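Protein chains: 2
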Amino acid sequence: MNNKENILIIGAGLCGSLLALRLAQRGYQITLVEKRPDLRKVTQDAGRSINLALSDRGLRGLRLGGVEEEAKKLCIPMYGRMIHDKDGNTFLSKYSGREDEYINSISRPGLNILLLNAAEAMPNVTIHFNQGCKKVDLENATAIFKDYSSGAETIFSGDVILGTDGAGSAVRKSMFRHKKFLFSFSQQWLTHGYKELEIPPAEGGGYRTDKGALHIWPRGKDMLIALPNLDGSFTVTLFAPYDDDSDYCFNNLTTKEKVMEYFTKEFPDAVALMPSLAEEFFENPTGPLGTIKCSPWNCYGKTLLLGDAAHAVVPFYGQGMNASFEDVIVLDETLDKFEGDWKKVFKEYEKARKKNTDAIADLAVDNFYEMKEHTASPLFQQKRKLETAFEAEFPNEYFSKYSLVTFNENISYEEAMKRGRAQDKAILNLIHDGNITNSMSLRDKLELVKTETEAILHDDSVIKNL
Amino acid sequence: MNNKENILIIGAGLCGSLLALRLAQRGYQITLVEKRPDLRKVTQDAGRSINLALSDRGLRGLRLGGVEEEAKKLCIPMYGRMIHDKDGNTFLSKYSGREDEYINSISRPGLNILLLNAAEAMPNVTIHFNQGCKKVDLENATAIFKDYSSGAETIFSGDVILGTDGAGSAVRKSMFRHKKFLFSFSQQWLTHGYKELEIPPAEGGGYRTDKGALHIWPRGKDMLIALPNLDGSFTVTLFAPYDDDSDYCFNNLTTKEKVMEYFTKEFPDAVALMPSLAEEFFENPTGPLGTIKCSPWNCYGKTLLLGDAAHAVVPFYGQGMNASFEDVIVLDETLDKFEGDWKKVFKEYEKARKKNTDAIADLAVDNFYEMKEHTASPLFQQKRKLETAFEAEFPNEYFSKYSLVTFNENISYEEAMKRGRAQDKAILNLIHDGNITNSMSLRDKLELVKTETEAILHDDSVIKNL
Numbered sequence: 000m001n002n003k004e005n006i007l008i009i010g011a012g013l014c015g016s017l018l019a020l021r022l023a024q025r026g027y028q029i030t031l032v033e034k035r036p037d038l039r040k041v042t043q044d045a046g047r048s049i050n051l052a053l054s055d056r057g058l059r060g061l062r063l064g065g066v067e068e069e070a071k072k073l074c075i076p077m078y079g080r081m082i083h084d085k086d087g088n089t090f091l092s093k094y095s096g097r098e099d100e101y102i103n104s105i106s107r108p109g110l111n112i113l114l115l116n117a118a119e120a121m122p123n124v125t126i127h128f129n130q131g132c133k134k135v136d137l138e139n140a141t142a143i144f145k146d147y148s149s150g151a152e153t154i155f156s157g158d159v160i161l162g163t164d165g166a167g168s169a170v171r172k173s174m175f176r177h178k179k180f181l182f183s184f185s186q187q188w189l190t191h192g193y194k195e196l197e198i199p200p201a202e203g204g205g206y207r208t209d210k211g212a213l214h215i216w217p218r219g220k221d222m223l224i225a226l227p228n229l230d231g232s233f234t235v236t237l238f239a240p241y242d243d244d245s246d247y248c249f250n251n252l253t254t255k256e257k258v259m260e261y262f263t264k265e266f267p268d269a270v271a272l273m274p275s276l277a278e279e280f281f282e283n284p285t286g287p288l289g290t291i292k293c294s295p296w297n298c299y300g301k302t303l304l305l306g307d308a309a310h311a312v313v314p315f316y317g318q319g320m321n322a323s324f325e326d327v328i329v330l331d332e333t334l335d336k337f338e339g340d341w342k343k344v345f346k347e348y349e350k351a352r353k354k355n356t357d358a359i360a361d362l363a364v365d366n367f368y369e370m371k372e373h374t375a376s377p378l379f380q381q382k383r384k385l386e387t388a389f390e391a392e393f394p395n396e397y398f399s400k401y402s403l404v405t406f407n408e409n410i411s412y413e414e415a416m417k418r419g420r421a422q423d424k425a426i427l428n429l430i431h432d433g434n435i436t437n438s439m440s441l442r443d444k445l446e447l448v449k450t451e452t453e454a455i456l457h458d459d460s461v462i463k464n465l
Numbered sequence: 000m001n002n003k004e005n006i007l008i009i010g011a012g013l014c015g016s017l018l019a020l021r022l023a024q025r026g027y028q029i030t031l032v033e034k035r036p037d038l039r040k041v042t043q044d045a046g047r048s049i050n051l052a053l054s055d056r057g058l059r060g061l062r063l064g065g066v067e068e069e070a071k072k073l074c075i076p077m078y079g080r081m082i083h084d085k086d087g088n089t090f091l092s093k094y095s096g097r098e099d100e101y102i103n104s105i106s107r108p109g110l111n112i113l114l115l116n117a118a119e120a121m122p123n124v125t126i127h128f129n130q131g132c133k134k135v136d137l138e139n140a141t142a143i144f145k146d147y148s149s150g151a152e153t154i155f156s157g158d159v160i161l162g163t164d165g166a167g168s169a170v171r172k173s174m175f176r177h178k179k180f181l182f183s184f185s186q187q188w189l190t191h192g193y194k195e196l197e198i199p200p201a202e203g204g205g206y207r208t209d210k211g212a213l214h215i216w217p218r219g220k221d222m223l224i225a226l227p228n229l230d231g232s233f234t235v236t237l238f239a240p241y242d243d244d245s246d247y248c249f250n251n252l253t254t255k256e257k258v259m260e261y262f263t264k265e266f267p268d269a270v271a272l273m274p275s276l277a278e279e280f281f282e283n284p285t286g287p288l289g290t291i292k293c294s295p296w297n298c299y300g301k302t303l304l305l306g307d308a309a310h311a312v313v314p315f316y317g318q319g320m321n322a323s324f325e326d327v328i329v330l331d332e333t334l335d336k337f338e339g340d341w342k343k344v345f346k347e348y349e350k351a352r353k354k355n356t357d358a359i360a361d362l363a364v365d366n367f368y369e370m371k372e373h374t375a376s377p378l379f380q381q382k383r384k385l386e387t388a389f390e391a392e393f394p395n396e397y398f399s400k401y402s403l404v405t406f407n408e409n410i411s412y413e414e415a416m417k418r419g420r421a422q423d424k425a426i427l428n429l430i431h432d433g434n435i436t437n438s439m440s441l442r443d444k445l446e447l448v449k450t451e452t453e454a455i456l457h458d459d460s461v462i463k464n465l
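Heads up: the sequence lines are chains X and Z, in that order.
What the first sequence shows, in numbering that gives the first Met the number 0, is residues 0 to 465, in sequence order.
What the second sequence shows, in numbering that gives the first Met the number 0, is residues 0 to 465, in sequence order.
Hints are computed from structural coordinates only; laboratory data are not their basis.
Just to be clear, a hint being listed does not mean it is correct.
[To be verified] List of simulated lysine-lysine pairs, DSSO-like, C-alpha gap at most 30 Å: (1) X:Lys257 with Z:Lys134; (2) X:Lys34 with Z:Lys172; (3) Z:Lys93 with X:Lys463; (4) X:Lys292 with Z:Lys93.
The structure presented is a predicted model; accordingly, all values stated were derived computationally and were not measured.
The following block holds chain X by itself, in its conformation from the complex (with noise of 0.2 Å):
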């Protein structure tokens, strides 16, 4: 186990140290190298107990690095969106007609030590934290490290470099301003920005609100969410334009008075459940929402990108975990085909995992619109009680756009991308055009759907296989 190579992994949040644990369970021997301070030890920012939806995909690869179940402590699970409207009244969309499909939340930072605990208790694994990485020699897998403490510089090289240092990658700008290769790179910015808020626990513990859901208030233009957290808090996110034509926009609230006439008028059963909003508003940091893609990923046989670092994609399916930790999997399989030849595995790597990343981040924006508004449209909302119908009746027949995403991990993002899209455009227009009636027996529906579908599917290919 001892004579395998030396790996450089640049970052260790999520991607990075569930990659360093499996990687040295392969026998590697792994230094893992990080910017920020061990947050084992570290007080977290006030307002940045962020936590996130894990799902199947995750699930697998935390399973591959021996940590399910140890991660499946910190989880709560979410059964579906609780929708609530402008007078506060609220109904739940499952996200799946099946029983046992459901995301979890979690939180970054307790999974993140988990992971790292993980990662440090294997013999061949060492941590540095708090090491800035100011340059690549993405030739001769070496970079060169800042250390925020004391100012010094080092050396650090392997037999290759992964780079999971996340969306703002230092690896990935090597790659960008290298000019010896073509890099295609894009990073396109929603018009909204997010802030991050709280809904504290109930006074006496407990939570505010039901914990079982992801608490969605779509407004159009703008959203809000919550997500629970395992001390009864909830964490809220607001989700709004930097700056329109529009009443309400982050350019414009810049007075408690206006954020919380905001609030009252759009959210009002949510501010009664924040007590601190007006100061919240202005304590925490408003932030960007962007996609990031790139390609190559690799180069020279010496450096690979992985996780947010190659794709960085907006949360609104939550799966940029779900597809980092699935990055892992994917590698670890290319290993298992062509370990020995690096150059071989970080291209079989990329040729497999590409098209299923941009699948997902094109997902996420798309989820973006259908959170915001269509959450809210009533031909949408017909759609959605008609697919959990299927699932519930045909529960081996029927899975929803959003079942192939998040709870089949054994079907790509690329081909749940496209039949679920299909799936979408058929029951959309077969609801809108009067296709189907009530008078129509469950299955007679499904029949419809799964023709126009593959109807759908046939007219598409035609063109692609041209």
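Use these hints to put chain Z onto chain X, whose structure you have.
Here is chain Z on its own, set in the frame of chain X:
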């Protein structure tokens, strides 16, 4: 007229020089600054007499500047694609069934000189050559330039800056690096590169092959094209992969023997017309093919990107220059509405224009596959034949995607893309599924295509308007 503001235009290529001409006609004081030497005074590089396809949108822009008739003298009409198979057989696939719809081969330097002369003839235009833009102050509309002859640095400024400095735009790079606003940016490279070659004039003058067509040798993975020049020569371009597992790609075409073997096998009838092929192949550079998109194009009401600087496209729809000239038209129309308020002009210009340049960028990538692969496909050829028949028989009723994009300057690129893609899908599926039969009249075929096209547009609209 002399009371109007000063405009600094960076880049005196095709777009910048037409823009300078038009804005001078509107009465602005124009400073036009160009990195390269004055191409009216230097001799051109050998093998770089690039020609371009000028069509209706571009001609409309030239008309606005009052130089259409003069430009037409440089034009060689091309009525269709002359497809060459591996045995040297050819057939003409016309661009349109309407007699008056054709594209024009025109010399890039020839047209640029014409535009520079026209701009320079205006009393309110000053042109500076050999000035490389080093830095742009986006907020104050000043820029530092380095004189490539003397090495001296000069600052030019204006009330506003218009950046028309091409795909590698220094103005755009300043926006990318500025970091004070969110700048979406995308550079996408094709896996193919290009190399220019030449078919010289026939001995004793004249053309060695038909000058009334754009010649294509489509081979699936790779492709050769040729456009005529006024002197009897053709500019030939090879499009081939940089590197893949195929027998021939740029990275393995390293000897004269291999180049001759490749061309003789794939493009035998072209080889016969290219006496200096083996030498030129190694003398001329291999260039990359990329699409650039970005947003916003404007900032602070002080700076605006136009032409390739804002939206570089791959050359496969022959629309790069045409789109840039259309930019000048749209800016001119926006000035008609909002002159006096640059911030408003820039924002409204971008709002009107961005979706259309995005569309032509995507169409141009589609056409890469259409030209190198589909033109050789029987199904695609049937479609083109049918469309040409529709256009000849029903000239006021049917317009193919190519016609909508190329010959219908009153329809936006976005609309042309939407309708054109729906038509393509309709026709291909109807032919593929055997729904268009020989026994049907041409009128019946047209009605079927129309109905199917509308059905596709309808189905797409339901999900888009949710």
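Verification of the hints:
At roughly 40 Å between alpha-carbon atoms, Lys257 of chain X and Lys134 of chain Z are farther apart than 30 Å, so this suggested pair is violated. Note on Lys34 of chain X and Lys172 of chain Z: the hinted pairing holds, with a Cα-Cα distance of about 28 Å set against a maximum of 30 Å. For the given pair, Lys93 of chain Z sits about 23 Å from Lys463 of chain X by alpha-carbon distance, which is consistent with the 30 Å threshold. For the given pair, Lys292 of chain X sits about 39 Å from Lys93 of chain Z by alpha-carbon distance, which is inconsistent with the 30 Å threshold.
In this structure, the hints that do not hold are numbers 1, 4, in rising order.
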